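Student: The opening position of the sequence shown corresponds to residue 15 in my numbering, with each subsequent residue numbered one higher.
Simulated from the structure, these hints should not be mistaken for lab results.
It cannot be assumed that every hint is accurate.
Said to hold, decoys possible - Straight-line distance between alpha carbons at most 20 Å, and here's what the computed EDC-like set of lysine to aspartate or glutamate pairs gives:
{"hint": "1", "residue 1": "K174", "residue 2": "D70"}
{"hint": "2", "residue 1": "K131", "residue 2": "D70"}
{"hint": "3", "residue 1": "K174", "residue 2": "E76"}
{"hint": "4", "residue 1": "K115", "residue 2": "E140"}
{"hint": "5", "residue 1": "K174", "residue 2": "D129"}
{"hint": "6", "residue 1": "K115", "residue 2": "E85"}
{"hint": "7", "residue 1": "K131", "residue 2": "E108"}
{"hint": "8", "residue 1": "K115", "residue 2": "E144"}
{"hint": "9", "residue 1": "K174", "residue 2": "E103"}
{"hint": "10", "residue 1": "K174", "residue 2": "D97"}
{"hint": "11", "residue 1": "K131", "residue 2": "E176"}
{"hint": "12", "residue 1": "K131", "residue 2": "D105"}
{"hint": "13", "residue 1": "K131", "residue 2": "D107"}
{"hint": "14", "residue 1": "K174", "residue 2": "E108"}
{"hint": "15", "residue 1": "K174", "residue 2": "D107"}
{"hint": "16", "residue 1": "K131", "residue 2": "E103"}
{"hint": "17", "residue 1": "K174", "residue 2": "D105"}
Unchecked claim - Taking CB as the label site, the calculated pair distances span:
{"hint": "18", "residue 1": "G151", "residue 2": "R92", "range": "31 to 39 Å"}
{"hint": "19", "residue 1": "K115", "residue 2": "D70", "range": "27 to 35 Å"}
{"hint": "20", "residue 1": "R92", "residue 2": "E144", "range": "13 to 21 Å"}
{"hint": "21", "residue 1": "S181", "residue 2": "P141", "range": "27 to 35 Å"}
All of these numbers come straight from a predicted model, not from anything done at the bench.
C-beta atoms are modelled at their ideal positions from N, C-alpha and C, and glycine is treated no differently.
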Amino acid sequence: MARVAILRTEPLPAALHRVLLGAFAVFAWILLASLSAPQARADALQPLTIHTATGDHLFSVEIANTPNAREIGLMNRRFMPQDRGMLFEFDRDEPLAFWMKNTYISLDMVFIARDGKVTHVVNRAEPLSEAIIPSGGPSAAVLELNGGVAAAIGLRVGDKVEHAFFSH
15 MARVAILRTE PLPAALHRVL LGAFAVFAWI LLASLSAPQA RADALQPLTI HTATGDHLFS
75 VEIANTPNAR EIGLMNRRFM PQDRGMLFEF DRDEPLAFWM KNTYISLDMV FIARDGKVTH
135 VVNRAEPLSE AIIPSGGPSA AVLELNGGVA AAIGLRVGDK VEHAFFSH
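Please take these sequences and the hints and turn them into a complete structure.
Tutor: This is the structure we're talking about:
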């Protein structure tokens with residue numbers, strides 16, 4: 015007579031089941047976040063035009079309009095294409111101050127009033143410097159471009175910046 019072994023499967027204890035399910039969920043979330051992060055940055059680019067005496071200059075900019083995004087800014091970046099930048103948006107015209115802590119690329123900082131007029135330009139801010147860079151007066155936005163771009167396009171105080179932020 016043949017013996018038949020009956021295997022009995024019992025469910026995992028509930029606590030172990032929750033731990034394994036939670037670990038899987040965290041792993042899946044990290045994987046999806048890491049795959050989508052570079053795409054999210056590229057999708058977030060917005061057009062911005064600077065009107066100078068030398069012509070109209072089009073850039074694609076990332077937007078920093080939350081405290082966290084403004085705090086991180088372009089820190090820890092080692093490269094930025096010449097036609098890119100970051101626009102820091104604030105609620106109103108007020109004196110602003112920036113620094114280059116943990117920023118590895120030289121930047122031009124363009125301070126801009128709520129009406130889109132350039133109020134102050136800082137050329138080639140020193141990478142990694144913790145020196146405070148003041149706006150020199152009230153500004154509602156700061157545009158960071160690669161160091162040397164402002165001079166190359168002939169950017170001057172009073173020039174106009176065109177972007178959706180300035181049309182409110």
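Student: Now look at each hint and say whether the structure bears it out.
Tutor: Here is what the structure says about each hint:
Distance check on the hinted pair: K174 and D70 sit about 10 Å apart at the alpha-carbon level, within 20 Å; holds. This hinted pair checks out: K131 and D70 have alpha carbons roughly 14 Å apart, not beyond 20 Å. The straight-line distance between the Cα atoms of K174 and E76 is roughly 19 Å, inside the 20 Å bound, and the hint therefore holds. Proposed proximity of K115 and E140 is supported: the alpha carbons are some 10 Å apart, at most 20 Å.
About 8 Å separates the Cα atoms of K174 and D129, which keeps this hinted pair within 20 Å; it holds. Between K115 and E85 the alpha-carbon distance is near 10 Å, which keeps this suggested pair within the 20 Å criterion. Pair hint K131 plus E108 holds up; C-alpha atoms about 14 Å apart against a cutoff of 20 Å. About 5 Å separates the Cα atoms of K115 and E144, which keeps this hinted pair within 20 Å; it holds.
Distance restraint check for K174 and E103: the Cα-Cα separation of roughly 16 Å lies within the 20 Å cut-off, and the hinted pair is therefore satisfied. In summary, the hint linking K174 to D97 is supported, as the alpha carbons are separated by about 17 Å, within the 20 Å threshold. A C-alpha spacing of about 9 Å is found between K131 and E176, which places the hinted pair at or below 20 Å, so the restraint holds. This hinted pair checks out: K131 and D105 have alpha carbons roughly 16 Å apart, not beyond 20 Å.
Proximity of K131 to D107 is assessed by CA-CA distance (about 12 Å); at most 20 Å being required, the pair is judged to hold. At roughly 18 Å between alpha-carbon atoms, K174 and E108 fall within 20 Å of each other, so this suggested pair holds. For the proposed pair K174 and D107, the alpha carbon gap of about 16 Å is at most 20 Å, so the pair holds. Between K131 and E103 the CA atoms are separated by roughly 14 Å; this keeps the pair inside 20 Å, and the hint holds.
Taking the CA atoms of K174 and D105, the gap is near 19 Å; set against the 20 Å cutoff, the hint holds. At roughly 32 Å, the beta carbons of G151 and R92 sit within the given window of 31 to 39 Å. Taking the beta carbon of each, K115 and D70 are about 33 Å apart, inside 27 to 35 Å as hinted. Taking 13 to 21 Å as the suggested C-beta distance range, the pair R92 and E144 conforms, at roughly 19 Å.
For the pair S181 and P141, the beta carbons lie near 33 Å from each other, so the given range of 27 to 35 Å is met.
Hint compliance for this structure: no hint is broken.
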